[in-house]
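Protein chains in written order, with numbering that gives the first Met the number 0: chain A, 0 to 247; chain B, 0 to 604.
Wrong hints could be hidden among the right ones.
Taking lysine to aspartate or glutamate pairs in the DMTMM-like style, the calculated list, with each CA pair at most 25 Å apart, reads [what the hints assert, rightly or not]:
id, chain 1, residue 1, chain 2, residue 2
1, A, 210, B, 366
2, A, 206, B, 361
3, A, 38, B, 480
4, B, 473, A, 135
5, B, 203, A, 135
6, B, 203, A, 25
7, A, 38, B, 366
8, B, 351, A, 135
Because the hints were derived from the structure by calculation, they are not lab data.
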Amino acid sequence: MSQATFRIWRSEPGGGSGAFTNYTTEISEGMVVLDAVHKIQAEQAPDLACRWNCKAGKCGSCSAEINGKPRLMCMSRLNSLDLNEPVTVEPMRTFPLIKDLVTDVSWNFRVKKGLKKFKPRKPDAADGTWRMAQRDVDRVQEFRKCIECFLCQDVCHVLRDHDKHEEFIGPRFLLYTAALEMHPLDSDDRLQDLKDKNNIGYCNITKCCTKVCPEHIHITDNAIIPLKERVVDRFYDPVTRLLRMITG
Amino acid sequence: MAAHATYSYDVLVIGAGGAGLRAAIEAANAGVSVGLICKSLLGKAHTVMAEGGMAAAMAHNDDRDSWQVHFADTMRGGQYVNNWRMAEIHAKEAPDRVRELEAWGAVFDRTPDGRINQRNFGGHRYPRLAHVGDRTGLELIRTLQDHTTYLGVTVHMEHTVIELILDGGRAAGVLAYDRERGRFHAFTAKAIIMATGGAGRAFKITSNSWEGTGDGHALAYRAGAELIDMEFIQFHPTGMVWPPSVRGILVTEGVRGEGGVLRNSEGRRFMFDDIPDNYKPQTAADPEEGWRYVMQDKTARRPPELLTRDHVARCINREVKAGRGSPHGGVFLDIAWIKEKISDAPGHIKRKLPSMYHQFKELADLDITTTPMEVGPTTHYIMGGIRVDADSQESTIPGLFAAGECAAGINGANRLGGNSLSDLIVFGKRAGEFAAQLARKSEQPKLDDGAVERALNASLAPFERGNAGENPYKVQHDLQDAMQALVGIVRNEGEMQEAVKKLAGFNERASRAGIDGHREYNSGWHTCIDLRNLLDCSEAIALSAIERKESRGGHFRDDYPDKVAEFGTFNISTRRQADGTMKVSRLPLKEIPAELKQVIEEQKQ
């Protein structure tokens, strides 16, 4: 059995002062960072706060920054890290701290409430059902793989460095909007909101969100860029503007 | 000390997985005020882990399917101790509940003609599971969560319920605490719905997340509600066995539905060696027929890997014990072999089983498109739970309803894969509907301040003992070891009696558990609160299992290895007595109506 040291952020309640504390613990084959945190919790620091549920990369609860990178603790294998140095585990920086590794992500739930909901077109069949081809839902299914870990929000510089939480909805909800806009059954229109309320223009396509997505969703290429194109086509393309002026 | 705040609702839902969310939607649509308490963040409940799909006889992939076949499959899978009325309602209503999800934005996989695609699953005669790759649970919870967002339901996230409080024998409210600040909150409601899921965390090897500590079971039990069928635990045949830190994580039955086969260390497909008589007429005679079934050849019968979970789990257990297991104590589950049968097998596997591909690649460094997985049984689901009225989902306590895994009846002795997600939406809806109905004709109950204070003070006791008390994590680990070893997949009288003795010891240690630090987001304190629930559930499981002196479904005893007809005439019930002890009794099954009996007979061929 070998040992490794974890440098974990510990804070006072209310997210006030805090500091890193080093914990050395025994590790075994196949362990992930979350296992180490649990072991430390059970043996050395029973009041260490960490959020987790499924431990299989499916619920998106255990988001943290490991050696500075936004990742899920449950999917970060120790054999992928340099254990000669202490492994730094700290909370997501974009959200207010609650305690230790736990942050207040409630902003995300408020943002979703402000977005237009799914509005299906009239059913295709007399029995109230619809017909959709698999190829027409493939793209939306990619977006719906999102586990709401909010790592993309954490890494997005518009939120992280510029703190535009009141003006910008972040990659998670641009993806959510794309899933609705490209849903074969949806009949609503979100382009005006994307431009004016959600400020899709703030995104300058650095693709940081795509890089950290644990579900490997092509957030920038498949969701954000097509939405940006739709907004440009509608509001900024001179030909369509001219056509609109003529046709009213 | 008093609660920090008091909330009043018409309907209070405890739990925000599939059943809780579906109940909240129904109650909100009925026009009553709804509060929703969830132990984690919204959308993180264990439903998210469900992979394979939801069973509904929509007959999209095989027009021979109907509610009758689904009903008969469910009863056969449950070894006929199911609540037949629940099985009937479930089979009849599941298709509408699934279609409703599509109207709310769910995007299921499609058939070539554009309808919802349905896949094969263990114990289901025809392809019946509406699915989204192998992440159907995520699709279900996200759809319900997003739909709920716009209905005016008040969600209390990261709140844990400590006690259910009655008023003159009726459910009146609960005491809860919020994890973020560690403050106490009292809730009153005219109707309360338990939708708290399972109790898998009583066992060491489990697919359940940390939340599965039997909260609803135990809260209802301590308040006097009757639990039934607690001896029936489902050990899912295929959990990961390696590396050690992921032991127990689920490997979806969908792998076998897509053609995955089980082999022992000698390379033998051992499932062909042991096919129960009542499944022989429906099971493939050889691997070739099994493959044709996977390819949806309607004349073929299903491969034995798709027999019911209880049976497959025991077969795997037997292979391992006989020394024919895999290097890390499981057996081999091979989906890579289908490359012999179809072109672009790796692409097909990744498309049909993306989460499984991902899970093994990242957690075990294994590519399932080229290499067999190692799998073994894992504690997955509890068929037992709060006894409810089949139509309304009301428990034996007036005003208290239950839906989903914490309610009992539909599954009998063994649940079929895919019947859980459909159970959530069928009975979640009904619980919401009937709870709202009751709320509309009831007065707001009053919470007894004394009861609130007693519960509150008891929950704080671990802080007084501090670090000098028992380490709650240690007690929980010891409990899990004992339940795994003594009341697990193969049981006998001596071991279970030993377990009961040990449980008394754990109870005593739990009463001395201590914790240091503040109340804010204190996992150790939370473990102290969970422990009581796990211990109550474990006792109900062990005592019920001792009472059932036969083997049936998920309950297998090597001292009584056969099914006994007499034991098929009752459920086992557990109830708390005034002196705090647990009373075990036999509850006769209701006579099944002639027309349903006939449906079962017709489907036996």
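We went through each hint and held it up to the structure:
Proximity of residue 210 of chain A to residue 366 of chain B is assessed by CA-CA distance (about 22 Å); at most 25 Å being required, the pair is judged to hold. For the suggested pair residue 206 of chain A and residue 361 of chain B, the alpha carbons sit about 22 Å apart, so the restraint of at most 25 Å is met. Between residue 38 of chain A and residue 480 of chain B, the direct Cα distance comes to roughly 17 Å. Compliance with the 25 Å bound is thereby established for this hinted pair. For a cut-off of 25 Å, the pair hint linking residue 473 of chain B to residue 135 of chain A is broken: about 52 Å separates their Cα positions.
Taking the CA atoms of residue 203 of chain B and residue 135 of chain A, the gap is near 43 Å; set against the 25 Å cutoff, the hint is violated. Taking the CA atoms of residue 203 of chain B and residue 25 of chain A, the gap is near 20 Å; set against the 25 Å cutoff, the hint holds. For the suggested pair residue 38 of chain A and residue 366 of chain B, the alpha carbons sit about 28 Å apart, so the restraint of at most 25 Å is broken. Between residue 351 of chain B and residue 135 of chain A the CA atoms are separated by roughly 17 Å; this keeps the pair inside 25 Å, and the hint holds.
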